[in-house]
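Just need the whole structure built from these sequences, with the hints factored in.
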Amino acid sequence: MRNTVNLKIMVSLSALLMVGALIFWYKFIFRANEEMLVKATEDAAYTIEIIRNSIRYNMMSNHSEVIQNTLENTTEAGLHAIIRVIDHNGNIKFSSNKNDLGKSIPPDSMICKECHAADGKIILKDTGRNFFFVEKGSHGRTLKSFIPVKNESSCSTAACHVHAPDATINGIIEAEFSMSRLDRKFKENNLDVLILGIIFLALIAVTLYLLVSKLVIKPIIIISEGIKMVTRGYYGHTLDIRANDELGSLGHAYNDMTKELRAGKNELEEKTRALSEIMEQKSREVRKTQKQYMYTEKLASLGRMAASVAHELNSPLTGIIVFARLFLKRVPLENKADQDDLKVIVEQAEKCSNIIAVLLGYSRTIPSDNLDMDINKAIDNALNILKNQARFYNVLIEKDLDPSVPRLQGDQSQIEQVFINLLINASDAMNNKGKVIIRTRRFTEDVNEFAEVEFTDSGPGIPIENLDKIFEPFYTTKPEGKGTGLGLAVSKGIVQNAGGRIFVKSKGGEGASFFIHLPINKV
Amino acid sequence: MRNKKVLVIDDEYIVRVSCKRVLETDGYTVSLSSSVSDGIKLMESEGFDLLLTDLIMPEMDGFELLKLVRDKWPSLRIVVMTGYGTNEAANKSLELGADDFIKKPFLPEELLLVAGTGQKNYVHYGE
Chain A
1 MRNTVNLKIM VSLSALLMVG ALIFWYKFIF RANEEMLVKA TEDAAYTIEI
51 IRNSIRYNMM SNHSEVIQNT LENTTEAGLH AIIRVIDHNG NIKFSSNKND
101 LGKSIPPDSM ICKECHAADG KIILKDTGRN FFFVEKGSHG RTLKSFIPVK
151 NESSCSTAAC HVHAPDATIN GIIEAEFSMS RLDRKFKENN LDVLILGIIF
201 LALIAVTLYL LVSKLVIKPI IIISEGIKMV TRGYYGHTLD IRANDELGSL
251 GHAYNDMTKE LRAGKNELEE KTRALSEIME QKSREVRKTQ KQYMYTEKLA
301 SLGRMAASVA HELNSPLTGI IVFARLFLKR VPLENKADQD DLKVIVEQAE
351 KCSNIIAVLL GYSRTIPSDN LDMDINKAID NALNILKNQA RFYNVLIEKD
401 LDPSVPRLQG DQSQIEQVFI NLLINASDAM NNKGKVIIRT RRFTEDVNEF
451 AEVEFTDSGP GIPIENLDKI FEPFYTTKPE GKGTGLGLAV SKGIVQNAGG
501 RIFVKSKGGE GASFFIHLPI NKV
Chain B
1 MRNKKVLVID DEYIVRVSCK RVLETDGYTV SLSSSVSDGI KLMESEGFDL
51 LLTDLIMPEM DGFELLKLVR DKWPSLRIVV MTGYGTNEAA NKSLELGADD
101 FIKKPFLPEE LLLVAGTGQK NYVHYGE
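Line by line, the protein sequences are chains A and B. The numbers in our numbering rise by one with no breaks, and the one at position 411 of the first sequence is 411. The numbers in our numbering rise by one with no breaks, and the one at position 61 of the second sequence is 61.
Don't read these hints as lab results, they were simulated from the structure. There's no promise every hint is true.
Pairs of lysine-lysine residues, derived as DSS-like cross-links and limited to a Cα-Cα distance of at most 30 Å, are as follows [as the list claims (entries may be wrong)]:
#, chain 1, residue 1, chain 2, residue 2
1, B, K72, A, K351
2, A, K351, B, K20
3, B, K92, A, K399
Some residues of chain B that are not near chain A, with every Cβ distance over 12 Å (derived) [claimed, not checked]:
#, residue
4, I40
5, D49
6, R70
7, P108
We put the CB at the ideal spot given by N, CA and C, even for glycine.
This is the structure we're talking about:
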C-alpha cells in the first residue's frame with residue numbers, strides 16, 4: 001500500500017516535472033541555440049561581404065595572385081572556413097583551400113539551385129542572406145553561405161575585359177563554415193540540461209518520497225494497524241498520532257471510537273455475564289426439577305409395582321391365613337405342638353401382609369395431583385380402614401375434632417396413611433387393648449397458623465432413650481415378625497413433604513402422644 | 001338366624017373358597033361367582049341377604065357394580081373386599097352405598113364380624 005501510493009505520486013509528479021523540463025528546455029535552451037545559429041549565419045554573411053569588399057579592387061584590377069593570397073590569408077588569420085570564388089559556369093577560380101583550384105561544382109548543386117529552377121527559370125533572390133546547411137557524414141554539418149557577384153559596368157569596362165557587358169552575374173563567393181564546434185556546444189548544453197534536470201528530478205522525488213512517507217504513509221500504516229486490531233476484536237489500543245492535520249484528526253477519531261467500543265464491549269460483557277449467571281441458575285433449577293421429577297417417577301413406578309404385587313399377594317395370603325386359622329380351630333387344645341405350628345403359619349402370613357402394607361405406604365410418598373385435604377375427614381377415613389381389623393376390636397377411639405380447622409394444602413391420602421400408621425402403632429403398643437384419643441386444633445406460632453393433630457394412647461409409653469430413634473428407618477421395638485421399622489420413618493417423610501413436622505412426647509408408663517403440625521396456608 | 005344366603009364375587013378362586021369355608025362354619029349358605037355378570041344372574045334368580053364382592057375385577061369396574069346393585073336391591077347388605085393400598089377405594093365404596101368393607105388378607109373372625117348385621121364396631125373380642 002505504501003509503495004502504491006508513493007509510486008503513484010512519484011510517477012505522476014515525475015511526468016509533470018518532465019513536461020516542465022521539456023517546456024523549459026524548449027523555451028530557453030532550444031531558443032538560445034536557434035539564436036546562436038542565426039548569429040552564425042549572419043556572421044557568415046558578414047564575413048563573405050567583407051571578403052567580397054576586400055577583393056573588389058583586385059578583381060577590378062584582375063590581380064589574380066593577390067586575390068588567391070587574400071583568400072589563403074583568411075585561413076592563416078584563423079577563419080575556420082573555406083572561401084571560394086566561383087564563376088558563373090561553376091569553375092572554382094579562387095579558394096582558401098588550394099586543393100579546390102581547377103575544380104568545378106556540378107550544375108545541380110545547392111548554390112546553383114538557389115537561382116536556377118529545374119525548369120530553366122531564373123529566380124533572383126535577395127542576395128544578402130543566402131545560406132544552407134550541408135551534412136557531411138562524420139565531419140558533422142557545415143554551413144554554406146554565399147553571395148552572387150553581380151556584373152557592374154566597371155567590370156566589363158575594366159582593362160582586363162574578362163567579363164562581358166551583358167552578363168547579370170559574374171560569379172559567386174562561397175564560404176563553407178564547419179558547424180562542428182557549434183554543434184558540439186549545442187550537444188553539451190543539452191547534456192547539461194539533461195543531467196541537471198535528472199538530478200533535480202531525483203532530488204524532488206526523494207524529498208517528496210520522504211515527505212509523503214512521514215506525513216501520509218506512516219500515519220496511514222499506524223491507523224491501518226489500529227483498524228486491524230479492532231477487526232480482531234481488540235479495543236484497548238490507542239494511536240499515538242500527534243500531527244495537527246487531517247490524519248491527526250483521523251487518529252483522534254479512531255481513539256474516540258475505540259474508547260466507545262471498549263465501553264460498549266465492557267457493558268456487553270457485563271450483560272453477558274449477568275445473563276449467563278441467570279442461565280446457570282435456571283439450568284440448576286431445571287436440573288433440580290428434573291432430578292425431583294425422576295425421583296418422583298422412580299417412586300411412582302416402585303409404587304405401581306408394589307401395588308400390583310400387593311394385589312396379587314393379598315389373595316393367596318387370605319387363603320393361607322383363613323385355612324390355617326380354620327385348621328387351628330379343629331386342632332384340640334391339648335395338641336400344643338400342632339397349635340403352635342399353625343400359629344407360626346398365621347403369624348408369618350400376617351408378617352407378609354404387614355410388609356406389603358409398608359411397601360404400599362412407602363409408595364404413597366409420591367404426591368398426587370390433588371392437593372386439597374380435610375384433616376378431620378382424613379381421620380374418619382383412617383378409622384374406617386382400620387375398624388374391621390381385629391387388632392382394633394378392643395381399642396376405644398375417642399375423637400375431639402375441631403370443626404374450625406380449615407382445608408389444607410396437601411395430599412389427603414398420604415396423610416391418611418400417616419394416621420393409619422400411628423393408629424396401628426398405638427394399637428400394637430397397647431397389645432390391642434386400650435384407648436386412643438384423637439384431637440385436632442388450630443394454633444398460631446409467630447405469624448404462621450398451623451393445624452395440629454394429636455394421637456395419645458394409653459400404652460406403656462416410650463423410654464426417653466428411644467425417643468430420638470423412633471423416626472429412624474428400620475428402628476423397631478415390635479416383636480420379631482411384627483414390625484418393619486419403616487412406618488414412622490415413612491410418616492415423617494410424608495409430613496415433612498407437606499411442609500409440616502411430627503414429634504412425640506412421652507413419659508415412661510403414661511402413654512405416648514404423637515403430634516403432627518401442618519401449615520395453614522392463607523390465600 | 002344363621003341360615004342366611006351369601007353371594008361371594010371374586011375372580012380369585014382361593015378368596016372365594018376361603019370366604020365359603022369361613023362363612024359355612026357359622027351357618028351361612030354360600031354361593032360363589034367368579035365374574036360380575038354371573039353374580040348378577042345369580043342375584044336375579046335367587047334372593048341373597050349379603051353380597052361379598054371384590055372391588056377390582058377384569059370385566060367391570062367395582063364402583064359400577066356397587067351402583068347397579070344398590071339401585072336394584074336397596075336393602076341388600078353389601079360388604080366390599082379390598083387389598084392393601086386402596087384406602088381411597090375403600091372409602092369411596094362406602095360413599096357409593098357399600099355397608100362395610102374388609103381388607104384382604106383377613107382373619108376368619110374379621111370376616112364373620114362384617115358379615116353379621118347390626119354389630120357394633122368396637123365390640124370386645126377375646127381370644
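Here is how each hint holds up against the structure:
As the CA atoms of K72 (chain B) and K351 (chain A) are separated by approximately 40 Å, the hinted pair breaks the 30 Å bound. Proximity of K351 (chain A) to K20 (chain B) is assessed by CA-CA distance (about 24 Å); at most 30 Å being required, the pair is judged to hold. Between K92 (chain B) and K399 (chain A) the alpha-carbon distance is near 22 Å, which keeps this suggested pair within the 30 Å criterion. With 12 Å as the threshold on Cβ separation, the claim that I40 (chain B) sits away from chain A holds: the shortest Cβ distance comes to roughly 22 Å.
No Cβ of chain A comes within 12 Å of the Cβ of D49 (chain B); the nearest lies about 19 Å off, and the non-interface call holds. With a minimum CB-CB distance of about 18 Å to chain A, R70 (chain B) clears the 12 Å threshold, and the non-interface call stands. At roughly 5 Å from the closest C-beta of chain A, the C-beta of P108 (chain B) falls inside 12 Å, breaking its exclusion from the interface.
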